[in-house]
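Asker: These protein sequence lines are chains A, B, C and D, in that order. Using the numbering used here, the first residue of the first sequence is number 1, and each one after it goes up by one. Using the numbering used here, the first residue of the second sequence is number 523, and each one after it goes up by one. Using the numbering used here, the first residue of the third sequence is number 623, and each one after it goes up by one. Using the numbering used here, the first residue of the fourth sequence is number 1158, and each one after it goes up by one.
In case anyone wonders, no lab produced these hints; they're calculated from the structure. C-beta: ideal position from N, C-alpha, C; glycine also. Incorrect hints may appear among the rest.
Restraint ranges, calculated between C-beta atoms of paired labels, are given here [claimed, not checked]:
| # | chain 1 | residue 1 | chain 2 | residue 2 | range |
| --- | --- | --- | --- | --- | --- |
| 1 | A | Pro402 | D | Gly1731 | 25 to 35 Å |
| 2 | A | Pro402 | C | Leu671 | 57 to 67 Å |
| 3 | D | Arg1719 | C | Ala1106 | 41 to 51 Å |
| 4 | A | Trp441 | C | Val942 | 39 to 49 Å |
Chain A stretches covered by chain C per the calculated footprint, using a threshold of three residues with CB under 8 Å from any CB of chain C [what the hints assert, rightly or not]:
| # | region |
| --- | --- |
| 5 | 78 to 91 |
| 6 | 443 to 449 |
| 7 | 462 to 469 |
Listed below, chain by chain, are the residues.
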Amino acid sequence: MVTTATQALTGPDVAYLVPEIILVGAAILLTILDLLLPNTVRRGFLSWLTLAAMAGSAAVVVGQLLSFDPFGENAEVISLLRDSYRIDGFALTMKLIILAASMLILLMGIRTIERDDAIPDKGETFTMMLPAVAGALILCSTADLITMFVGLELLGISTYVLIGFRKKSKLAAEAAFKYVVIGAVSSAFILFGMSYLYGVTGLTNLGWIARMLEQAVTDFKALVYVGLFFLVAGFAVKIAVAPFHAWAPDVYQGAATPVTAFLAVVSKAAAFIALVRVIFNTAIIQTPFILGPAVSPVGEDVLLALKVLAAAAMIVGTTAALRQKNVKRLLALSGVANAGYLLVPLAIGLGTTSTNNLGDFSFYLVAYLFMTIGAFAVMAVVSQTAGHDELKGYAGLYYRAPWTAAGMIVLLISLAGLPVTGGFFGKLFILLSAAQMKDYWLAAIMIVTSVISYYFYFSIIRQMFMRTAETEAKLSVPVPTGIALWICVAATLALGFMPNAFMEMLEQAVTLSRDVWVAMPR
Amino acid sequence: MLSSYLTMAAILFCIGLYGALSKRNAVIVLMSVELMLNAVNLNLVAFSKYGVLPSLTGQIFSLFTISVAAAEVAVGVAILIALFRARGVVNVDEFNEMRR
Amino acid sequence: MESSFPWLTLLTFSPIIGLLVLLFIPGTNSRALRTAAIVTTLVPLGLSLWLFASYDAANPNAFREQVDWITIALNHEAVNIGSSAYVFQYHLAVDGLSLPLVALAALVAVMAALASVHIKKRWKAFYVWFLLLETGMLGVFLARDLILFFLFFELTLIALFFLIGIWGSLNREKAANTFLIYNGLGSALMLIAFVLLISTAGASLNATEQGGDLVYSGDYATIAANLTSGESLTNLPGGYDNPFALSDGMRWTIFILLLAAFGIKLPVLPLHTWMLRVHAEAPPSVVMIHSGVLLKMGGYGLIRFGIGLFPELAEDASFVLALLGAVSVLYGAVLAFVQREFRLVLAYSSVSHMGIVLLGIASLNEIGLQGAVFQLVSHGLISALLFLIVGSLYERTGTTELEELGGLARPMPFMSGVLLAAGMASLGLPGLSGFIGEFLAFLGLFETMKWVTAIAAIGVILAAVYILRSVLKITFGPQQERYAVLKDARLIEAVPMIALFAFIVLLGVYPSVLTDTMQGSFDNIIAHLNTRMGG
Amino acid sequence: MATVYSQYAWLVPVFPLAAFLILTAFGRGLKQTGAIVAVLGSFGALALSALVLIEHLGGADEYNDSFHWIKIGGYALTAGFDVTNLTALMLVVVSLVAFLVNIYSMGYMKDDERMTVFFGYVALFTFSMLGLVLADNLLTLYIFWELVGVCSFLLIGFWYQKPEAKAAAKKAFIVTRIGDVGLLIALLLLFWYMPDHDLSFAAIENVFGQTGLITEGITTLIAILIFVGAVGKSGQFPLHVWLPDAMEGPTPISALIHAATMVAAGVFLVARTFPIFEASQAALDTVAWVGAFTAIFAASIAIAQNDIKRILAYSTVSQLGYMMMAIGLGSVTAGMFHLFTHAFFKALLFLGAGSVIHAVHTQDIHEMGGLGKTMKTTAWTFAIGALALAGIPPLSGFWSKDAILAEALHANPALFVVGIAAAFLTALYMSRLFFLVFAGNPKAGGEAHESPATMTVPLIVLAVLAVIAGFVEMPFSGTGWFGEWLTGHAAEHEGAALVMLVSTAIGLLGIYLGWLIYVKGAISRDVVTSRAPWLTRMLERKYYIDEIYHAVFTVSLRAIGRACDAFDRHVVGGAVRLAGGAAFWTGRAATRMQSGQPQSYGLYVVIGLVILVAAIAGRRFW
């Protein structure tokens, strides 16, 4: 039974926050270290320390996951400050995903950032990722609007800075500014929505909101709608679904490639994770015996809005990418389409025949993570060598770096949703869920846009394999980038050939009623 | 009582939104964003007093908002300065080197 | 008799084994690469012929490999029925429908590998994609799980994209792109249909062995059984409507999706335009496979999934199908008649011949269906032969424009003779395989739709018109100076030509080789239709 | 009586098939020996057929053997052979003519570098034709039917470098294919209407022999469709156009395929499936009238032609028309009888013409003349053939034509008149041909020599046959066993004397007229041309049939093709491009959003939100 009584944060409770504390602490320490060190010392080692901090954080998360034992019968959700902070299966799984992605991005970006002349202060760039990741982790664990807002802003402000660190690039400053403006506006939207939700239910706790929503709808119907739709719109900006995505290509283009990858994967994933919490406590509600859609009074409309957004994102992202010659922008638009795909499992809700347990969402998120980071890894190398982000930089890549080109094929095929890759099964599971919920039009749009996307994903392949390069020089791939790339390729293939192992793990790790629906008593 | 506060906040939000979306001067844009956030604060405080379940939560929330907004604007201005150094202008509509 | 050794897996993946060997051969050693590739393709050919010989129509289940591949136990709490699971199997099997096509695929692959002597660059990559393609097409014909089928289907798509795009002629990239998007669309429609099938008819309740009460399965047999029996889920708690029952509208939707998906592949009018470009741009050895085998996947899919799963809808739609087939036959023939480029003549001729497949399918009786499959195999052999010759011709003359060619019978009597013979096979001369397929399809359809058959039979005349026009233009007529020095076929070209033609003659003279194998393969469909008619 | 040889009759076609295979496989190394192989092959066939015929003349029973060729479910398509008196006779005719033509060709084709190919084709043709004759059911027959067609095509186009040969070969194949489709559909009809789906001729006889098993409409339809096939193959109007053009092939081929055997296959087919026709009077009438019309129509064209082979070709068309008419009148006996005699004398005429062409290297009869002096054997044998064709007693042609005319007089006097008219024209054009070529003064400079023995011996053999072949069935009592033996019906003998008188008189009249014009010059050669130039021109242009066909079929087919091509490019292709374009246009619109202005991005957010709220949430309030 949820009590409204205040919970105090006790000493032992702080132990649960260790992953975030490690990141924040490391951020502070490394920043101080960076300041103290003379300019002559190269900052490269800071990146490895950052990586170590993330690894440490990840290790703690793994430990928490093991002790939480999400697969066991009596896993106990740890709730701090009345669900301001939750340690549950969902949070831990997502944290692991976020940390894995961050580490891969860092690994892939170490040499890229070191070689980037537009970034004068390399050290800061690495350390600044830590608070951003910490913000993302907070978003995974929170079930309270205030904490959620703080997490969002921590992530957001850190990424503004990350983009801006590329000081010598005019584009980067412009990108950072655009991101600030749009980010701030979206934050304002989210906040505005949150304020109404708080107002009509009386608390910022999501569980409480879920419980009070029915009453609130009868009393303040308009306010609930406005609140929820503002919230959704704000999040739509963060996850970049059409028509709230327009900032993404510009911002992605201006940022350093690793930062772009961070935006495309970590920021997007974190926003999605928070959105999951919100949607599953406002729109999709737990009923004791689900027959028919398990939605709240406003849920149907919110879910419809999400469906429309998903469809729009898929269509706009895919078609806009058709004409795109800049690979970074192209990947940004691909990210828009993928956000649409990711939104589908949320938007379709739950029903009698559905197997949707966020497994399809998580699976595709993981697949998206690997294939996108891998693609950005290749892009980082190619762009840096070519000096631009244009498609023609890939011409003849097969001759210059055959193995990298081969790896890129796997990633692009996965992005296009072709077998046998993680991207294919990710989409397949989502499709099956959509079909089970009889949302056929959404499934159709999903598949058709996938087909259209072949055009631009394969245009990269065409450049790599069917065009001749301007230079015959071999392309050297830095070792850390190479490692990140091949981890991504291997993971993409592994997800394709053995989707069952991972899918089952995700399915079992997350239990809706235990982890995501925060309000209901167990 | 509540509704007047809410109306006031909504108007404030809209003014802020309008400013953020239409002013050419980047500094004014950032200030308009502040206005939007303050509208939210007004909402929160009003709900905290006159909401369905009056509690301190709203006021605490507004404290968070205020501090975060400050941080956000600080970063925004810092970035704007970098941008101004690079371009020499603060007109938002000239920050369109990247498009299409 | 369950065969314990995984012959079918070996058959399907033997090209991959060869591919691994190939990777260790230096990329500059074209001769070794080619030899390795040819030897590799011989393995599936040998295996498939052995399978063909040892297959017994009375015991169609002798070769079957069924392993759970992707079993995903899903968290149970979202569903109140109990626990649930996805079960996608690694399930390979042969029957009278797939076996002829498997053998065809293996045979054409060998011939195409031989014909790949004309490939001039990047041999290693070529054979890598080539062997992947072979695995893909063998897998398509053997797979009995929807998802597995789809995987193999897409594998052929990707492999062919590369084969066209890298080794094709002038407009190769555009051709590759058109191919990719069009066929991608086709497989997308197929995927939608499959997803719908899996999430409705694929669902079965109380399959407790998988650890779940509600199982979503991609197994063909399960889906077929559920579809025909009508109800997959009868004892839902609380007396709710069966959420897995397919409404008539949904059945039609799925059926039409399948028709469109495989219709693109076949290709059926008006979904054929992509094929023209592929025929004209892809390297001839690849077109051999494309026209010889890949188009057949469309026909196979139509029969296996379209007709096999929805016989009663197929019956309702049979008139439309037959009409479509007849129009394809005539339209393709008329267009073939006015083309100026020999490869386009052949492309439209394929449209026309695949129309006959459609006619056979539309008949929905055993003769017609066997005729359709026979026509698939026969056209596979014939078009492979024709494109084999086209490859050799193009190698020598540098053109396939009809206006440019002429009088080639003098410098190259052998190749011209084979071309003429292949043309004769293509226009359905008795004694060659083309006639049997055509005749059986007509014969089958005639039982139900006499007028459509009669109209389509005009295509027989038109086939003679366009085949003779183009073939005679190339071979007959006064010799042209610039072609006087051309050499006739070399041994490595002549061997596949003779081999293919020998098979064409064999099927034409002794069609029972194929029809006996197919015996009984359509019993389920026919029986279902009969009961429907009776009831 | 026991059938000893008949059960091995299937071996008859195997001999030439073996010859074909040997020639094809090892042809390039064989050269002259190739010809020997072919001759041996055809001789083997001839010997065995002769034995079979003798056996059947001795009264052997029918022999039939078949097996399941294709078995599908409960249906079976069989293949097999059937030795009846009719087939035994045809076997001998075919293999005999083939044998003689093979020998003849050894001389005629001596200098051709592709001689082995030629003999290979001839062997393949012989095989197919014998197979056609032996077939015990319609499907098997159809298969060989097509095969002889393709052999005909190959041999017409044998000199493939000549554009005319190429065109003629193509035309022959396509025009006969039109007829074949008719036969094919008839086959399909029969398959589904016959009890047990049995296509054998025996079953056809059983089923159509009894009334009511198959409705009359269907029967007529089947019969007409079969006849369409026969029309194509036998060059009947309106599908006769290919046969004259087929003369582009080597002359021995014209003798073998386009005079004696293959073109008669149509008649043979109708005779073989006669029970179907018999069951439908409408079908019989159609056959008779088409045949009669063709007979007079082709004969009239023959008068105005100048190419020696074309004249003979039109003559063949005309005579085939006679045979059809006979069968249409209900007398298979008369038709087959004429087929039998015609095979010999027409082959003889063609081979004789070949001998002439071989000597003077032209085919234009106006460039010939006076050859009778230098080419005595050829001239004499040709004369026998011409007289036989003209129906002068006691040569074979007289008896068979007489049987037909007697039948016509008995059954349909109108047709009798047509037949008599055609007979007159036949006599006229043959005398024109003969006199122009062999009489008068040499024009080719006297360099013409008699052909070698390989060519003249077959001429002599055929001439003998052309003389005596008619005696098997004379309308005198006691000698008419041929009809009984062949079909069980004797030819019509009623009014025979009158018919004999009239036809002989008409034949003589024609010849006399020809003599008057072309030898004596009593009547000017351009007597008609000067009075009615349009008539001559029309006959020379063969009633403009080719032109009409070209305009109606070729041009329109090409126009349809062009139209379809445009449709394919613009409509079908356009729809595809439209779909692709739609995606691109959407993309362009989406790209428009990327103005680079962060404030417009913010505006999109607001607009998007407003639309969402208005469209979705708004439904709850309004």
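Asker: It remains to establish, for every hint, whether it holds in the given structure.
Answerer: Verification of the hints:
| no. | hint | verdict |
| --- | --- | --- |
| 1 | A/Pro402 x D/Gly1731: 25 to 35 Å | 41 Å, violated |
| 2 | A/Pro402 x C/Leu671: 57 to 67 Å | 36 Å, violated |
| 3 | D/Arg1719 x C/Ala1106: 41 to 51 Å | 34 Å, violated |
| 4 | A/Trp441 x C/Val942: 39 to 49 Å | 25 Å, violated |
| 5 | 78 to 91 | violated (count 0) |
| 6 | 443 to 449 | holds (count 4) |
| 7 | 462 to 469 | holds (count 3) |
Comparing the model with each earlier hint shows violations of hints 1, 2, 3, 4, 5; every other hint is respected.
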